[in-house]
Amino acid sequence: MTPFLLYALAGAALCSIGLFGFILISHLLRKLLAFNLMGSGVFLVMVGLAQHRSGPDPVPQALVLTGIVVAIAATALAVVLIRRYYHLSGKTSLEDPAQNPPPAPGPRQAREAPHE
Amino acid sequence: MTEWSLDILLVIALLVTATSVLWSRDLFRGVVFFIAFGLLMALAWVRLRAPDVALAEAAIGAGLTGVLLLDAARHLSNDESQGEDGKEKKP
Amino acid sequence: MTRVLAILTVTAVCFAFLSGLVYSIWQIGATTTPVDLPALLAGNLDDSGVENPVTAVLLNFRSYDTLLEIGVLVIAGIAGISVAKTSSLEDPELRTSDELLYALQRWLVPLTLLLAGYLLWAGSDRPGGAFQAGAVLAASGVLMRLGGIPMDFLRPGLMLRLGLSLGFSVFLLVAVASALSGSRFLAYPPEMARTLIVAIETVLTLSIAMVLLALFVSAPINNAEEPEEGGS
Chain A
1 MTPFLLYALA GAALCSIGLF GFILISHLLR KLLAFNLMGS GVFLVMVGLA
51 QHRSGPDPVP QALVLTGIVV AIAATALAVV LIRRYYHLSG KTSLEDPAQN
101 PPPAPGPRQA REAPHE
Chain B
1001 MTEWSLDILL VIALLVTATS VLWSRDLFRG VVFFIAFGLL MALAWVRLRA
1051 PDVALAEAAI GAGLTGVLLL DAARHLSNDE SQGEDGKEKK P
Chain C
2001 MTRVLAILTV TAVCFAFLSG LVYSIWQIGA TTTPVDLPAL LAGNLDDSGV
2051 ENPVTAVLLN FRSYDTLLEI GVLVIAGIAG ISVAKTSSLE DPELRTSDEL
2101 LYALQRWLVP LTLLLAGYLL WAGSDRPGGA FQAGAVLAAS GVLMRLGGIP
2151 MDFLRPGLML RLGLSLGFSV FLLVAVASAL SGSRFLAYPP EMARTLIVAI
2201 ETVLTLSIAM VLLALFVSAP INNAEEPEEG GS
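Chains as they are written, first to last, in this note's numbering: chain A, 1 to 116; chain B, 1001 to 1091; chain C, 2001 to 2232.
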């Protein structure tokens, strides 16, 4: 057992925590955070497991480096979409419209109402 | 043994901050814990002897994600409980 | 009741996921590798044109990954800009300004620009490179934005398009040129490898910073629309 393997196992635990939160939490921004935690867990597993077998290894490190940059771009895009969704619907969680009463008017609809 | 204890402490801190990100009281706290998580990840990369990744993670995890998510959390956080009373949000 | 049941189910699923993952990690960790990748890399490092192994992997041995990755970034940036409802990313009304931040960033922005330049320059023989430099450059752009410094290159037009697509197009151009000149796609001629890698890294830095900055700037829809809603 090397310290590298410890980090790989911690990555597995992070993945599970992220998955648990991703399924259970309804707030979209927290879902996004949970998804990011899962991503970090995957990066740790990749580098930790590869380095456990053969010492410091630049190949998975380079892949993780591109992965981190893609992850921040995806996160930023998701934030844009979430804020847009909140702006249009006034909700911060995805819910089944069949089960719930129609949502309260969002910031946009609430402002537009007097004009109509 | 000392280096093992450092690794174990770092892993425990990572898991604790990860849990706090998801189940802290309000969204702002969650985002701040996420920034802390990013910095701890940078430390973990240093321990994994990946200085390139550590640099990228420090710049991105602490700098860019922090600003982006804090800004978003400020706008979204007031109706975290149910997500239905967003219209009372103060701009 | 259903809520408790759901939580129990999800807990069971996640626990099964965790134990499966830990078991397979343990099994994979116990086996030995048939091929020694780090040794292979160290043996071929001299041919790559740079001394930092991570940069060599990113821009020479696995440059196809990096090419596709910058493509993904450009697409994400375009998607973010098109979702943003503001007509221009640079609008005087969108700027916040804070006296303290303004005073602070007169010191910080030159330093971060310098740091980005150093990281780019250092990338060929020690830790650093296009991705880190791009992130730091984007961070300094965000700082300028928050402090209210006008950034005219974010207006829709030639500069924005060029900044977004420069990295991808130069990378693709080099790849196609190397394919046309007889060797394979993305196989640099050995005597020019270092020059080409440094050139590609420079444009990649600019493009990555531009994409991240555009995504950051297109986020605040709420601020932008609240004053004049009826017009859109």
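Note that these hints are calculated values from the structure, not bench results.
For glycine and all other residues, C-beta sits at the position ideal for the given N, C-alpha and C.
It is possible that part of the hints are untrue.
To give an idea of the chain C side of the interface with chain A (calculated C-beta under 7 Å), a few residues [claimed, not checked]:
#1 C2014
#2 A2016
#3 G2117
#4 L2215
Derived DEER-like restraints, expressed as beta-carbon distance ranges [as the list claims (entries may be wrong)]:
#5 C:R2184 <-> A:S26: 44 to 52 Å
#6 B:M1001 <-> C:V2013: 47 to 55 Å
#7 C:A2187 <-> B:S1005: 18 to 26 Å
Output the indices of the hints that this structure fails to meet, ascending. 2, 3, 6, 7
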